[in-house]
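K.L.:
First to last, the protein sequences are chains A and B. Heads up, the first sequence is in the working numbering, so the first residue is 1 and it goes up one at a time. Heads up, the second sequence is in the working numbering, so the first residue is 608 and it goes up one at a time.
Derived by calculation from the structure, the hints in this document are not laboratory data. These figures come from a predicted structure and were not determined experimentally. Incorrect hints may appear among the rest.
[To be verified] Pairs of lysine to any residue residues, derived as SDA-like cross-links and limited to a Cα-Cα distance of at most 25 angstroms, are as follows: (1) B:Lys940 / A:Gly445; (2) B:Lys662 / A:Ile587; (3) B:Lys802 / A:Leu266; (4) B:Lys802 / A:Ile441; (5) B:Lys981 / A:Leu125; (6) B:Lys908 / A:Val132; (7) B:Lys779 / A:Val258; (8) B:Lys908 / A:Phe259; (9) B:Lys950 / B:Arg895; (10) B:Lys748 / A:Phe259; (11) B:Lys748 / A:Glu434; (12) B:Lys662 / A:Phe114; (13) B:Lys940 / A:Asp455; (14) B:Lys940 / A:Val457; (15) B:Lys907 / A:Asp455; (16) B:Lys981 / A:Val132; (17) B:Lys778 / A:Ala257; (18) B:Lys802 / A:Gly439; (19) B:Lys748 / A:Asp127; (20) B:Lys981 / A:Gln124; (21) B:Lys906 / A:Phe259; (22) B:Lys858 / A:Val132; (23) B:Lys981 / A:Asp127; (24) B:Lys748 / A:Tyr454.
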Amino acid sequence: MSSWLDYTINGLIVGNVYALVAVGLALIFGVSRLINFAQGSIYLVGAYIGWVAVVQLHTPLPLTIIFVAVVAALVGLIIERFGLRPLQNSVRIAPLLATIGISFVLDQLVMLTFSPNPRALPSQLPDVRFEVGGGTIGPLDLLIAGVGISSALLLFVFLRYTKLGWAVRAASQDRDAAMQMGVDVNRVNQTVFGLAAALGGVSGLLVGMYYNQIDTAMSLQATLKGVVAEVVGGAGNVPGAVIGSMLLGLVESYGVAVFGTSYRNLFAFLLLIVVLVLRPNGLFASARQAPPEPLTGTFIAPSRPVRIPRWALVVAVALFAVLPLLPVSFYVLQTLINAWLLGMLALSLTLVAGTIGQVSLGHAALLAIGAYTSALLSLTLNVPVGLAIVAGGLMSAALGTILISPSFRLRGHYVSIATLAIGEIVSLVILNWESVTRGPIGISGIPPLSLFGYDLVDPRTVYWFAFAVMVVLALVQGRLLGSHLGRSFRAIRDDDIAARAYGLSLNRYKSLAFIFGGFAAGVSGGIAAHLYSYINHETFNTQQSILALTVVILGGLGNVVGAIVGAVALVGIPEMFRIAAEYRILIYGIVLLLLVRFRPQGLLGTI
Amino acid sequence: MSNINRRTLVKGSLAAMMAGAAFSRTAFAADADPILLGVSGPLTGPNAQYGTQWKQGFDLALDEIMAAGGINGRKLAYTFEDSQSDPRQSVAIAQKFVSDPRIVLELGDFSSPASMAASPIYQRGGLVQFGFTNSHPDFTKGGDFMWSTSVSQADEQPLLARYAVKRLGLKKLAVLHLNTDWGRTSRDYFNNAAKEYGAEIVVTEGYIPEERDFRSTLVRVRDANPDGLVLISYYSDGALIARQARQVGLKQVICAASSVYSPKFLELGGDAVEDVHVGTRYFPEDPRPEVQNFIGGFKKKYNGVEPDAFNAYAYDAMNMAAAVVKIGGTDRKAIRDAFAKVKDVPSVIFGTATFDVATRRVKGAMNAELVVRKGQFTVWDGKPT
Numbered sequence: 001m002s003s004w005l006d007y008t009i010n011g012l013i014v015g016n017v018y019a020l021v022a023v024g025l026a027l028i029f030g031v032s033r034l035i036n037f038a039q040g041s042i043y044l045v046g047a048y049i050g051w052v053a054v055v056q057l058h059t060p061l062p063l064t065i066i067f068v069a070v071v072a073a074l075v076g077l078i079i080e081r082f083g084l085r086p087l088q089n090s091v092r093i094a095p096l097l098a099t100i101g102i103s104f105v106l107d108q109l110v111m112l113t114f115s116p117n118p119r120a121l122p123s124q125l126p127d128v129r130f131e132v133g134g135g136t137i138g139p140l141d142l143l144i145a146g147v148g149i150s151s152a153l154l155l156f157v158f159l160r161y162t163k164l165g166w167a168v169r170a171a172s173q174d175r176d177a178a179m180q181m182g183v184d185v186n187r188v189n190q191t192v193f194g195l196a197a198a199l200g201g202v203s204g205l206l207v208g209m210y211y212n213q214i215d216t217a218m219s220l221q222a223t224l225k226g227v228v229a230e231v232v233g234g235a236g237n238v239p240g241a242v243i244g245s246m247l248l249g250l251v252e253s254y255g256v257a258v259f260g261t262s263y264r265n266l267f268a269f270l271l272l273i274v275v276l277v278l279r280p281n282g283l284f285a286s287a288r289q290a291p292p293e294p295l296t297g298t299f300i301a302p303s304r305p306v307r308i309p310r311w312a313l314v315v316a317v318a319l320f321a322v323l324p325l326l327p328v329s330f331y332v333l334q335t336l337i338n339a340w341l342l343g344m345l346a347l348s349l350t351l352v353a354g355t356i357g358q359v360s361l362g363h364a365a366l367l368a369i370g371a372y373t374s375a376l377l378s379l380t381l382n383v384p385v386g387l388a389i390v391a392g393g394l395m396s397a398a399l400g401t402i403l404i405s406p407s408f409r410l411r412g413h414y415v416s417i418a419t420l421a422i423g424e425i426v427s428l429v430i431l432n433w434e435s436v437t438r439g440p441i442g443i444s445g446i447p448p449l450s451l452f453g454y455d456l457v458d459p460r461t462v463y464w465f466a467f468a469v470m471v472v473l474a475l476v477q478g479r480l481l482g483s484h485l486g487r488s489f490r491a492i493r494d495d496d497i498a499a500r501a502y503g504l505s506l507n508r509y510k511s512l513a514f515i516f517g518g519f520a521a522g523v524s525g526g527i528a529a530h531l532y533s534y535i536n537h538e539t540f541n542t543q544q545s546i547l548a549l550t551v552v553i554l555g556g557l558g559n560v561v562g563a564i565v566g567a568v569a570l571v572g573i574p575e576m577f578r579i580a581a582e583y584r585i586l587i588y589g590i591v592l593l594l595l596v597r598f599r600p601q602g603l604l605g606t607i
Numbered sequence: 608m609s610n611i612n613r614r615t616l617v618k619g620s621l622a623a624m625m626a627g628a629a630f631s632r633t634a635f636a637a638d639a640d641p642i643l644l645g646v647s648g649p650l651t652g653p654n655a656q657y658g659t660q661w662k663q664g665f666d667l668a669l670d671e672i673m674a675a676g677g678i679n680g681r682k683l684a685y686t687f688e689d690s691q692s693d694p695r696q697s698v699a700i701a702q703k704f705v706s707d708p709r710i711v712l713e714l715g716d717f718s719s720p721a722s723m724a725a726s727p728i729y730q731r732g733g734l735v736q737f738g739f740t741n742s743h744p745d746f747t748k749g750g751d752f753m754w755s756t757s758v759s760q761a762d763e764q765p766l767l768a769r770y771a772v773k774r775l776g777l778k779k780l781a782v783l784h785l786n787t788d789w790g791r792t793s794r795d796y797f798n799n800a801a802k803e804y805g806a807e808i809v810v811t812e813g814y815i816p817e818e819r820d821f822r823s824t825l826v827r828v829r830d831a832n833p834d835g836l837v838l839i840s841y842y843s844d845g846a847l848i849a850r851q852a853r854q855v856g857l858k859q860v861i862c863a864a865s866s867v868y869s870p871k872f873l874e875l876g877g878d879a880v881e882d883v884h885v886g887t888r889y890f891p892e893d894p895r896p897e898v899q900n901f902i903g904g905f906k907k908k909y910n911g912v913e914p915d916a917f918n919a920y921a922y923d924a925m926n927m928a929a930a931v932v933k934i935g936g937t938d939r940k941a942i943r944d945a946f947a948k949v950k951d952v953p954s955v956i957f958g959t960a961t962f963d964v965a966t967r968r969v970k971g972a973m974n975a976e977l978v979v980r981k982g983q984f985t986v987w988d989g990k991p992t
């Protein structure tokens, strides 16, 4: 029985840690309706600034905290001024992508400055331990709890009782009305970003001290857990974020208690899905709170797509089709094969995210389902590879649609967060369902691609195969978009209430989009499995989902040709900068930011 | 001719190598260019730290190889391509290396998904993939061009089990392992060996590499009432577990796999890793000349920093590559055959390394039983802790 007390205490302790990140995320979401994917990077910057202060400057703790807060706030102000403010009049999706780009840049800068080796960040508090239950807690636990709760309280008071706080809330409710009433919205945004960044930096410092360890990989994990906690508590709700964090910590801890350590994150993401399905505004949203997203579809703004004449497309397809006959190195072909595989994934995502407006952040899960299905069918049941890949596509379509269906009632950012969670859940199920997926050992010896008994192992034939599959999928999708089905999809995206009023069944159309999209992604995953010959749960990870979304936004949401152009660009850019070695991902991030800044509707425009 | 070729390769656009590969390879061998090895590994992304450690080990080995006169008078060099441990990028790198006639041998990649996805390309392209950290049991089954000096876990884990059970006298073990292909394979070998030595495994917990909080896991461990904890971990997560174990009041003996052997383990773990037992392949006071050379040279080159296990793997791998290239020359097939011919290459990890031609791996890793005392790894004196 005493163990349960320990699990509870441990859950609260780790919830404490999540709360620090979640509060910053909630603050920013509250004002700008933006999930700040760069919050984890500011947390990372804070940790390393703290390391400089503690280890090199030997500052005492209060000074360290102030120093970190000030530097992190400056970073936040710079992000707001140069990364986000220029985008305030562009489409709603642009700032989201910008924060992803900023997080790439910040993480890489930290990595290049401090090297990727983990470092110790010694705690500056006396090492006394208090007995609680069967374990102990230290002064850092109390300090973290103090910072988390008091910052939430201070923010609550600030938002409720100060004039600037009112301005913040006014701006979050209705930006334009607030501006008309004379609220300086830019100053409000600055204040909020500065505050959130200072909090993020300090949390990085404290968490680094807590574990006596900081490394450059901590940023993505912090963002993921912070987002989960924030949404559970009610996006934009600061006290809710604290309680959501505690709840998340408890659920994880009890999950470990009952099922074991490897199920821990499964419970975190299941909690998120359950909360989103039952109470989409979070546990602590008040009933009269305005809907978190605008009723009509300004999330994805229409733009004038670039019209590409049909003959130009035909010429381009012909050129790429004869490319392997020209003296081109296999390396170039392999890079393009990657681009075609990513292109299939992007076709899938551009349909569900762009055309029908369900921005998915877990699309790699569809790849994984297709890949595992195809690999296992061909290995254990000796199904011919071509057939197995089609089966992978079908399985992905079916399973993907079933998994996503609970989140059909969600809108905007909430869809993204739900799909992010579903993606993580699929990956964790693959890790833990060992009897079928072989767990972390993965599946090796997957037979190579073959069609009608002929092995496709030469890079040229693989290239033609991947290219042909992608072109067929693109043609079908293009045809689909031109039909009444495509118009219905876009109607749902642009105004779901009007669409419903016209008698469109939203769920049915969303399912249709995910069925088609799931098939394309599953086929891509299936081909990849046979190309790689080995896959495990890490082969298709969150980074791939984020990459796919980047491709789609870069190409233009809903734009079929854009998805393919985007895939070629985002596979090609990092390869082109290979000469820059460690700097190439930094360059990639900067290129991404510039593209978002100057072409937020994507290279070819939203259709 | 060679100049034009190089320029087009750098551009990566028009490598007219396919037809003339054999021709240009001999053209290169004649000139004074270095013999080039390709390395595919993470320099950015979540595993970036291991790529930088590889580089340190490679560079040290290359310095020594050059000082000893190079490869029959020619220089040896490597080109490091960043894969981020991402299979999508490692397969592109594989094609790049295979179609680059200057590359005679490939080293890496780091993670199993990235390495094994590239194996079919190396196998078909006839370029040796020398995966020196690839412990996945199926890695060398990818084909006769896959060779590995990674210590087989079938070798290593029984040594750790003997240390924990026979030497330290632990009878009820809690095993915490990274839930990766490496951790899982290791755990199975360890558990089997420990049971054979007569110990009982009271609880096993697998955790994902990103995990940082182990307090609840450790409550499970406590409730199973073991007399020792076994960590099948890398140094960063190993240090976290040790710290939190002490914080939640677990006082049992901790015994860890050789992959925690790193000065970082001491730095990150602090007081909590005091008295942690580590089975390793070498130790600083080891009188073997290859160990003394390695540690002395490393400290000299890198401002007194102590090398760790990953540095040692990379250092050994580069020395092995040099030995192989000395026999095999610059022909890729001859290099593959040379892996079967090299005998007794001096090695930090193995003492002397000779490949088992059937498994394409090296057997007989050295064994050292260390313990952390006063913040330093020292040879265990046999006294209980």
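K.L.:
Check whether the Cα positions of B:Lys981 and A:Leu125 lie no farther apart than 25 angstroms.
P.N.:
Distance of about 22 angstroms is within 25 angstroms: holds.
K.L.:
Hey, B:Lys662 versus A:Phe114, does the alpha-carbon distance stay inside 25 angstroms?
P.N.:
Between B:Lys662 and A:Phe114 the Cα gap is close to 16 angstroms, so the pair holds against 25 angstroms.
K.L.:
Check whether the Cα positions of B:Lys778 and A:Ala257 lie no farther apart than 25 angstroms.
P.N.:
Answer holds: B:Lys778 to A:Ala257 is near 24 angstroms, not above 25 angstroms.
K.L.:
Below or equal to 25 angstroms on CA atoms is what counts here, so check B:Lys748 against A:Asp127.
P.N.:
Violated. B:Lys748 to A:Asp127 sits at ~51 angstroms, over the 25 angstroms cutoff.
K.L.:
Within a Cα-Cα threshold of 25 angstroms, do B:Lys802 and A:Leu266 meet the stated pairing?
P.N.:
The hint is violated at about 31 angstroms.
K.L.:
Check the hint pairing B:Lys981 with A:Val132 against an upper bound of 25 angstroms on the C-alpha distance.
P.N.:
violated, 29 angstroms
K.L.:
Taken at face value, is the distance from the CA of A:Phe259 to the CA of B:Lys748 at most 25 angstroms?
P.N.:
violated, 35 angstroms
K.L.:
Tell me if the straight-line CA distance from B:Lys662 to A:Ile587 falls inside 25 angstroms.
P.N.:
Holds, because 22 angstroms separates the two Cα atoms, which is no more than 25 angstroms.
K.L.:
Regarding the pair B:Lys981 and A:Asp127, is the alpha-carbon distance no greater than 25 angstroms?
P.N.:
Roughly 18 angstroms between the alpha carbons, so the hint for B:Lys981 and A:Asp127 holds.
K.L.:
Measure nothing beyond the straight line between the CA atoms of B:Lys981 and A:Gln124; if it is 25 angstroms or shorter, mark the hint as holding.
P.N.:
holds, 21 angstroms
K.L.:
Given the proposed pairing of B:Lys748 with A:Glu434, does the C-alpha separation stay at or below 25 angstroms?
P.N.:
Roughly 22 angstroms between the alpha carbons, so the hint for B:Lys748 and A:Glu434 holds.
K.L.:
Regarding the pair B:Lys907 and A:Asp455, is the alpha-carbon distance no greater than 25 angstroms?
P.N.:
violated, 53 angstroms
Consistency note: the structure conflicts with the earlier hints numbered 3, 6, 8, 10, 15, 16, 19, 21.
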